[in-house]
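A.B. asks: With chain A held as given, fit chain B onto it using these hints.
Residues per chain, in single letters:
Number of protein chains: 2
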Amino acid sequence: MLLRGRPRTLGAAALLLLLLIGFFLFGGDPDYGRPRSQGAATFDGDPPADPRGHNRSDCIPPPPPPPPPKCELLQVAIVCAGHNSSRDVITLVKSLLFYRKNPLHLHLVTDAVARNILETLFHTWMVPAVQISFYNADELKPQVSWIPNKHYSGLYGLMKLVLPSALPPDLARVIVLDTDVTFASNIAELWALFAHFSDKQAIGLVENQSDWYLGNLWRNHRPWPALGRGFNTGVILLRLDRLRQAGWEHMWKLTATRELLTLPATSLADQDIFNAVIKEHPWLVQPLPCMWNVQLSDHTLAERCYSEAPDLKVIHWNSPKKLRVKNKHVESFRNLYLTFLEYDGNLLRRELFGCPCPPPPGAEQLQQALAQLEEQDACFEFRQQQLTVHRVHITFLPHKPPPPQPHDVTLVAQLSMERLQMLEALCRHWPGPMSLALYLTDTEAQQFLRFVETSAVLSARQDVAYHVVYREGSLYPINQLRNVALAQALTPYVFLSDIDFLPAYSLYDYLRASIEQLELDGRRKAALVVPAFETLHYRFSFPSSKAELLTLLDAGSLYTFRYHEWPQGHAPTDYARWREAQAPYRVQWAADYEPYVVVPRDCPRYDPRFVGFGWNKVAHIIELDAQEYELLVLPEAFTIHLPHAPSLDITRFRSNPTYRDCVRALKDEFHQDLSRHYGAAALKYLTALQQPRGPA
Amino acid sequence: MLLRGRPRTLGAAALLLLLLIGFFLFGGDPDYGRPRSQGAATFDGDPPADPRGHNRSDCIPPPPPPPPPKCELLQVAIVCAGHNSSRDVITLVKSLLFYRKNPLHLHLVTDAVARNILETLFHTWMVPAVQISFYNADELKPQVSWIPNKHYSGLYGLMKLVLPSALPPDLARVIVLDTDVTFASNIAELWALFAHFSDKQAIGLVENQSDWYLGNLWRNHRPWPALGRGFNTGVILLRLDRLRQAGWEHMWKLTATRELLTLPATSLADQDIFNAVIKEHPWLVQPLPCMWNVQLSDHTLAERCYSEAPDLKVIHWNSPKKLRVKNKHVESFRNLYLTFLEYDGNLLRRELFGCPCPPPPGAEQLQQALAQLEEQDACFEFRQQQLTVHRVHITFLPHKPPPPQPHDVTLVAQLSMERLQMLEALCRHWPGPMSLALYLTDTEAQQFLRFVETSAVLSARQDVAYHVVYREGSLYPINQLRNVALAQALTPYVFLSDIDFLPAYSLYDYLRASIEQLELDGRRKAALVVPAFETLHYRFSFPSSKAELLTLLDAGSLYTFRYHEWPQGHAPTDYARWREAQAPYRVQWAADYEPYVVVPRDCPRYDPRFVGFGWNKVAHIIELDAQEYELLVLPEAFTIHLPHAPSLDITRFRSNPTYRDCVRALKDEFHQDLSRHYGAAALKYLTALQQPRGPA
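Sequence order for the protein chains is A and B. Under this note's numbering, the first sequence has 647 at position 601, and the numbering climbs by one with no breaks. Under this note's numbering, the second sequence has 491 at position 445, and the numbering climbs by one with no breaks.
Since the hints were made in silico from the structure, they are not lab data. It is possible that part of the hints are untrue.
[As the list claims (entries may be wrong)] What follows is a list of derived Cβ distance ranges for each label pair:
(1) B:His610 / A:Thr597: 13 to 23 Å
(2) A:His610 / B:Gly725: 55 to 65 Å
(3) A:Leu412 / B:Ser603: 46 to 56 Å
Even for Gly, the Cβ is constructed at its ideal location relative to N, Cα and C.
Same shape as in the complex, but just chain A (with noise of 0.2 Å):
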């Protein structure tokens, strides 16, 4: 029996009661529960549930609807809480973006994790015919929060309930979608299924395709009341104004209350509560085609949806991660959640042909920029790089913030790929905070994800935020990347370091007590040198104290950095006072400068037109000098460069003189806006420049 562990007599009178409303609604039709001819069949007068336990929309092809305009804006809602969800939600959106057609409004229900990665997502992105709204979670909680139930995301599941009264009054439908959906088609196709609604009905939904609501899985396993298999609420089509009309929020409390006198808690969230409530007023439910919501759970009984339809619209996943090689099916579905896991998001920026829409904010201007370029000019390469807006995912993983605390210091460096195998090194050199921008490709940032996930070192730590910086262009962004990475640091203190260097194992805490001893905070405008060294060695045994890296640096074994090719990168350190020092000492800025510093979080950024190698740290150090920072250097601090093949950008400056040249061209326009923003203070730089040198 049907209604296994509900009390009997209740479920039969609910079963009356659905025959009544049944024949009420379809006047005895003689054609129902038999299929109608082609010509004529809608989904308007179908019964809504079959109470066997199937309901019938299933596999049924239905009739194609007709499709919406072509520039009919759809809307779409979305519930998105924490880092993984995020994730989650980029790849449902590209799959979304890859097939429509038609402009979209996403409103997005977000925590404040979820908002602060998602706005500069989009914002970076810049999908033509896309609108953002952004709904703030937190403040909806109250209103579901009373609902016993089992786990934490549940609370952001049961808030697809009170969307009637979240979203703006004037929009009258909406697709509701959870984050695990992935589209293989279309969603005009979806949104057109409005149109088979009846003057009622309010809810359009797929068939549960689990035998979840039959309550009979276990011996005493009561799930909510529901019709047949109940629907599944991943995918939703709502008519908001009728609910609205109709008293939504009255009619699904009143439900879940009373549910709840016999029930403990939501075992499915909103899912429950939806049954319920379409249990009691069938006449709400529209039954949408069961390839609109492809459900690949445990025990799923999705096959007899696919292997009949002519087509798969939506795939549902439970955790795609979990799904293994061995059963080829799911291979197969798993195939399409990855192409859009691991597809390249900046291909989505395409317009929509012939609907107007207005441009991203920036877009206008960008593409006015990019027009006036000259494609003949030899560094066309770098104009073009310079002014890519990149799209940028931050804290890519779960990241838990330090406490704040008064002198606390967060490392941040940039690397791409092939540095990877840094990381772990880096974690056990600096325990502290730290803030990575990487720079990958939608592919490459699935790898990274399974690095850290199966790194120990990496996945114990919650104090390192990844930021992830999506390629585009040839040419390797790094100060646009570093300004992401200190954008992102949350401690009054950054140290600026690069990927290659291991800091000495103490120097987080020695920083930490320097900047506390130098009593910088507000008092002095300083940048503290960390004085950099490097082997050339790969097995190199890391020094643990000032006095044995002197050791090494005296057996050869060790040399100050860049002392072979490029010694007055770091001359001005001075690094034979620093072998003596006892107490840090304020050196002078001089050309070609670029040591490694502490500096407050709030120092210039980095500036963004060098691309590639060559100048990029060094003009950053002329800002802070011009800006009248202190240079002190560190008597205790010291980090070491380790080898590794030369960047691909490295060896392009050496054997491109063009590549050299449009350094130097960066280098002179730097200048010249030096000038024009210092005045005669910025003269000390172009007279140094004009001093001849060794390579740039």
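C.D. replies: For chain B alone, kept in the frame of chain A given last:
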């Protein structure tokens, strides 16, 4: 006037003829020239073209044709020749497969180069529900080579004319595609347009989206005759059965011969002849909606199509590489192209649900083998990687095999993206042929292409064959890669090297001389050992002679390879003896020996079970020894390992005990197989293994 440059009387006569035919065919239909009502609209009765220069099919949204039956096999023909065209065709096929829901039969008319590439590719790709047939383009050449042509590729273009006789006689319908088109939709929708053909129509084409055939592009511009703007042959629906019946071969040859009396050659290859035939027999053509061939050539008029059409279905490129960022429309199209260029082709190995199709060759055994793996096995990842069939694209870039020489040697190596920068140096050190396997994602393969194109050193070399093996799985399939590179070496001898080694400048010449001197060809079964050294320094001046190398060795600037951590790997080479040696000397195998050797091309393959780090070369040397190869050390040969950051696999090997256990398990299984194969003779390897030693 339309037919500028052709005799006016002829033009006028043709126009008159056309009008008469039109009247005859459509019987003075009163709807002629007017749009029909939506419900009844078909293209059957429409005139093929408006002689005022604009075919009327443009941008009138056709009624959606009925989709073909769910599992109907769709036929596609493509002409493809050479290395670059083969790359193009793969991008086209990826777009085709991405959207298709039907089984496909691809008919590929290829030259020997393309056949070699595509046969390997499709064999290793193993896409379900795709059949491939090859047709020898060289055999078809005589049928079209009499037509004067402006360029060689045109000869292959012309082959589209002979498809009705070249394809199997029972093949009635086929979609013919140029290699430079990209699908943005399901090809079944295109196939469905066959249903619009009237009883006589045999060729479906989209109007040309340029003014070329109007003949007014420049003074004395004399295009071939065409109806108005003519038709573009990048996408063709062919009713082969009707063409055969109508005497197509006779028809087009007659037209071509006649036109060539006054025109010197075809400018646009087959397209000129198709248009001339259609001009003469307009009843043959069924105009297709413009969105099925959106042509982005120079001076394109395609915007007329894409600004109005509800949807774009097929994009036709002339040269996407030339499309710069400036035209924002073109940028949008370029994104579609890049989507499939960079799309992970592995993801297209998805089955068609509900279409019973014979699995691709080998797929069933592979499924079974994968199904037998134990997911709980600690070495599951290794087992899965060993079984993985990687997609292989041999000779990814144009390659000219070296002329056959009896003692020639090919350098064989494998690499992934992070070693790309070794290639230039390697080219400088090795002036002979190379066969290199590259382990890349589809996206990386494009980066690699650009890397070679922008390198003067690399693009000057035609004797370096690059074979792309597409990434799948987390362990580096080192021996599978070596086997791909080895199988593609075309000289009688191979130097089995690794990518982080640079050979002595003289090595290539010296090896060829040694092979000749030692009379290896057939008479001796020998492996010539090239002694290996290493430097720990990046900045390193490569020794130009053995004497110089010995000086560096004595100075401690060079070491024998892996002297510090794995001396047994090269100890049997006997470096002390090598110092003094004037002639090749024989050495004996000992445990863990893994020298770099020169062997005949038909040497044993590497054991593909070794994936990731560990024992992959050792096992190969055992195999050589077991097959009684003499190990002869060459007194003047040397190769030097350059430093690099440790690979991901070596890092995992060092940090992960399970990884080491798995390598040990693989070793054990290798020895079991060895005993099974060589019996008692293999005992010595097992005995050697059981002696306690250093790291694996």
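A.B. asks: Each hint should be assessed against the structure and marked as holding or not.
C.D. replies: Hints and how they fare:
1. B:His610 / A:Thr597: 13 to 23 Å: holds (21 Å)
2. A:His610 / B:Gly725: 55 to 65 Å: Holds - the Cβ-Cβ distance for His610 (chain A) and Gly725 (chain B), about 58 Å, lies within 55 to 65 Å.
3. A:Leu412 / B:Ser603: 46 to 56 Å: holds (52 Å)
Of the hints listed earlier, there is not a single one the structure fails to meet.
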